[in-house]
Amino acid sequence: MKPKAGDQAHHMLPKNKSFKDFFESNGIDVNDPQYMKWMHKDDHVGKFSSEYDKLWANFIENNHGKSFSKKTLMEKAIEFEKQATETAIEHKKKKK
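Each residue of the sequence shown is one higher than the one before, starting from 8 at the first, in this note's numbering.
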């Protein structure tokens, strides 16, 4: 899919350096375009990244030393993105 005006590349797996070894040990380069998607800048920057990173940190900590298929990790990415988005929406509602 080609980007539209205002789109930015979004890493579907966090590019946080503390997660690098985990993803690499599972055969994933988070900068590979297959693990990225286009998002409009208004929906991308800072909306849920903190919560998303927390979800991944907990998952990695609880599964230290285990291996996962790329498919499983992408399914987790989709699950965590939904959870982080819902949390961001709830926080936004509370601020109003």
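Fair warning: there could be bad hints in the mix.
[To be verified] Derived CB-CB ranges, DEER-like:
(1) Lys22 - Ser74: 19 to 25 Å
(2) Glu97 - Glu68: 32 to 38 Å
(3) Gln90 - Asp49: 19 to 25 Å
[Said to hold, decoys possible] 25 Å max Cα-Cα, derived SDA-like pairs, lysine to any residue:
(4) Lys78 - Lys99
(5) Lys27 - Gly13
(6) Lys9 - Ser56
(7) Lys24 - Val37
(8) Lys11 - Asn65
(9) Lys83 - Ala95
(10) Lys61 - Glu82
(11) Lys48 - Lys73
(12) Lys48 - His98
(13) Lys61 - Thr92
(14) Lys83 - Asn65
(15) Lys61 - Ala91
(16) Lys24 - Ser56
(17) Lys83 - Ile67
(18) Lys44 - Lys99
(19) Lys77 - Ile96
(20) Lys77 - Gly34
(21) Lys11 - Asn33
(22) Lys22 - Glu58
(23) Lys77 - Gly13
(24) Lys22 - Asn33
(25) Lys48 - Phe75
(26) Lys73 - Met46
(27) Lys89 - Phe75
(28) Lys101 - Ser57
(29) Lys89 - Gln41
(30) Lys89 - Asp49
(31) Lys22 - Thr79
(32) Lys9 - Asp28
(33) Lys77 - Ala64
(34) Lys101 - Asp49
Hints were generated in silico from the structure; no laboratory data involved.
Each residue gets a CB set at the ideal place from its N, CA and C atoms; glycine is no exception.
Each hint tested on the structure:
Between Lys22 and Ser74 the C-beta distance comes to about 21 Å, which sits within the given range of 19 to 25 Å. Judged by the Cβ atoms, the range 32 to 38 Å given for Glu97 and Glu68 is violated: they are separated by roughly 24 Å. Distance hint check: the CB atoms of Gln90 and Asp49 are about 21 Å apart, consistent with the given range 19 to 25 Å. The hinted pair formed by Lys78 and Lys99 fails the criterion: a straight-line CA distance of about 32 Å is larger than 25 Å.
For the hint linking Lys27 to Gly13, the alpha-carbon distance of about 28 Å lies beyond 25 Å, and the restraint is violated. About 23 Å separates the Cα atoms of Lys9 and Ser56, which keeps this hinted pair within 25 Å; it holds. A distance of roughly 11 Å separates the Cα atoms of Lys24 and Val37; the hinted pair therefore holds under the 25 Å criterion. A C-alpha spacing of about 34 Å is found between Lys11 and Asn65, which places the hinted pair above 25 Å, so the restraint is violated.
Restraint check for Lys83 and Ala95: satisfied, since their Cα atoms lie roughly 18 Å apart, inside the 25 Å limit. The suggested pairing of Lys61 with Glu82 holds, with an alpha-carbon distance near 17 Å, which does not exceed 25 Å. Simply put, Lys48 and Lys73 have alpha-carbon atoms about 35 Å apart, too far for the 25 Å limit, and the pair is violated. Distance check on the hinted pair: Lys48 and His98 sit about 20 Å apart at the alpha-carbon level, within 25 Å; holds.
For a cut-off of 25 Å, the pair hint linking Lys61 to Thr92 stands: about 13 Å separates their Cα positions. Between Lys83 and Asn65 the CA atoms are separated by roughly 12 Å; this keeps the pair inside 25 Å, and the hint holds. Restraint check for Lys61 and Ala91: satisfied, since their Cα atoms lie roughly 9 Å apart, inside the 25 Å limit. Under the criterion of a C-alpha separation no larger than 25 Å, the hint pairing Lys24 with Ser56 is consistent with the structure, at around 14 Å.
A threshold of 25 Å between alpha carbons decides the hint, and for Lys83 with Ile67 the separation of about 11 Å falls inside it, so the pair holds. With a C-alpha separation of about 24 Å, the suggested pair Lys44 and Lys99 falls inside the 25 Å cut-off, and the hint holds. Using a Cα cut-off of 25 Å, the hinted pair Lys77 and Ile96 is violated, with the two alpha carbons roughly 28 Å apart. Using a Cα cut-off of 25 Å, the hinted pair Lys77 and Gly34 holds, with the two alpha carbons roughly 7 Å apart.
Note on Lys11 and Asn33: the hinted pairing is violated, with a Cα-Cα distance of about 32 Å set against a maximum of 25 Å. About 14 Å separates the Cα atoms of Lys22 and Glu58, which keeps this hinted pair within 25 Å; it holds. This hinted pair does not check out: Lys77 and Gly13 have alpha carbons roughly 29 Å apart, beyond 25 Å. Restraint check: the Cα-Cα separation between Lys22 and Asn33 comes to about 14 Å, which is no more than 25 Å; the hinted pair holds.
Simply put, Lys48 and Phe75 have alpha-carbon atoms about 31 Å apart, too far for the 25 Å limit, and the pair is violated. Note on Lys73 and Met46: the hinted pairing is violated, with a Cα-Cα distance of about 31 Å set against a maximum of 25 Å. Simply put, Lys89 and Phe75 have alpha-carbon atoms about 20 Å apart, close enough for the 25 Å limit, and the pair holds. Between Lys101 and Ser57 the alpha-carbon distance is near 17 Å, which keeps this suggested pair within the 25 Å criterion.
A distance of roughly 19 Å separates the Cα atoms of Lys89 and Gln41; the hinted pair therefore holds under the 25 Å criterion. Taking the CA atoms of Lys89 and Asp49, the gap is about 17 Å. The hint holds against a cut of 25 Å. Between the alpha carbons of Lys22 and Thr79 the distance comes to roughly 18 Å, so the proposed pair stays at or under 25 Å and holds. Restraint check: the Cα-Cα separation between Lys9 and Asp28 comes to about 30 Å, which exceeds 25 Å; the hinted pair is violated.
A C-alpha spacing of about 17 Å is found between Lys77 and Ala64, which places the hinted pair at or below 25 Å, so the restraint holds. For the proposed pair Lys101 and Asp49, the alpha carbon gap of about 20 Å is at most 25 Å, so the pair holds.
Figure legend: structure checked against the earlier numbered hints; hints not met, in rising order: 2, 4, 5, 8, 11, 19, 21, 23, 25, 26, 32.
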